[in-house]
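Produce the complete structure using the sequences and hints provided.
Residue numbers (this note's numbering): 1 to 97.
What the hints contain is simulated information worked out from the structure, not anything from laboratory work. By construction, the Cβ of each residue, glycine as well, lies at the ideal position given by its N, Cα and C atoms. Among the clues, some could well be false.
[Unchecked claim] Taking lysine to any residue and the SDA-like style, the derived pairs with C-alpha atoms no more than 20 angstroms apart in a straight line are:
| hint | residue 1 | residue 2 |
| --- | --- | --- |
| 1 | K2 | L37 |
| 2 | K32 | T63 |
| 3 | K2 | G34 |
| 4 | K33 | A7 |
| 5 | K28 | D8 |
| 6 | K58 | C4 |
| 7 | K28 | T16 |
| 8 | K33 | L68 |
| 9 | K58 | L23 |
| 10 | K58 | L68 |
| 11 | K2 | I39 |
[What the hints assert, rightly or not] Okay, the calculated beta carbon distance ranges per label pair:
| hint | residue 1 | residue 2 | range |
| --- | --- | --- | --- |
| 12 | E51 | I3 | 25 to 31 angstroms |
| 13 | G34 | A7 | 20 to 26 angstroms |
| 14 | E51 | I18 | 17 to 23 angstroms |
| 15 | N73 | E31 | 26 to 32 angstroms |
| 16 | Y76 | G34 | 30 to 36 angstroms |
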Amino acid sequence: MKICIIADMHLPYDKTAIQYDALEYALKDAEKKGTQLLIFAGDQTADGNRETADYLIKRLNETKIPYLIIAGNSDYRKDELIFDESPVVNEFDGFRI
Numbered sequence: 001m002k003i004c005i006i007a008d009m010h011l012p013y014d015k016t017a018i019q020y021d022a023l024e025y026a027l028k029d030a031e032k033k034g035t036q037l038l039i040f041a042g043d044q045t046a047d048g049n050r051e052t053a054d055y056l057i058k059r060l061n062e063t064k065i066p067y068l069i070i071a072g073n074s075d076y077r078k079d080e081l082i083f084d085e086s087p088v089v090n091e092f093d094g095f096r097i
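Printed below as a string of C-alpha cells:
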C-alpha cells in the first residue's frame, strides 16, 4: 500500500502563500505515484481558519484519494475543531487506521 504522510503545512489565510504551491505539488505527485492513502498529520492550518480548512478538504476530495486528517494544535486555535466535518477513512483495502 502506498501512503503519503504530510504534516505541518500551516496553510495561512493568504492563498498566495508558498505553502499552497507545496500542497499542490504534493497532491499532484501523490496522484502521479498512485498513492492509496493521504495522511495529514497535524497543523494543516496556520491559525485554525475555517475557510482554509474547507479549502484543504475541497482539494483533497478533488484528488479522489482517501485521506485521514489528524488535527494539530494550530487547528484548534479558535476553540473549535475545524476538521470535525471532514470524512475520516477508517478502513480500506483490508487495512484499519
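Evaluated hints:
1. K2 x L37: holds (7 angstroms)
2. K32 x T63: holds (11 angstroms)
3. K2 x G34: Distance ~7 angstroms between K2 and G34 Cα, so the pair holds.
4. K33 x A7: Distance ~19 angstroms between K33 and A7 Cα, so the pair holds.
5. K28 x D8: With a Cα-Cα distance of about 18 angstroms, the restraint between K28 and D8 holds, given a limit of 20 angstroms.
6. K58 x C4: holds (18 angstroms)
7. K28 x T16: Since the Cα atoms of K28 and T16 sit roughly 18 angstroms apart, the hinted pair holds (cutoff 20 angstroms).
8. K33 x L68: holds (18 angstroms)
9. K58 x L23: Judged against 20 angstroms, a Cα distance of about 13 angstroms means the pair holds.
10. K58 x L68: holds (14 angstroms)
11. K2 x I39: Holds, at about 11 angstroms.
12. E51 x I3: 25 to 31 angstroms: holds (28 angstroms)
13. G34 x A7: 20 to 26 angstroms: Given about 21 angstroms between the Cβ atoms, the range holds.
14. E51 x I18: 17 to 23 angstroms: Distance hint for E51, I18 holds at roughly 18 angstroms.
15. N73 x E31: 26 to 32 angstroms: Holds, since N73 and E31 (Cβ atoms, about 29 angstroms apart) stay within the stated range.
16. Y76 x G34: 30 to 36 angstroms: holds (33 angstroms)
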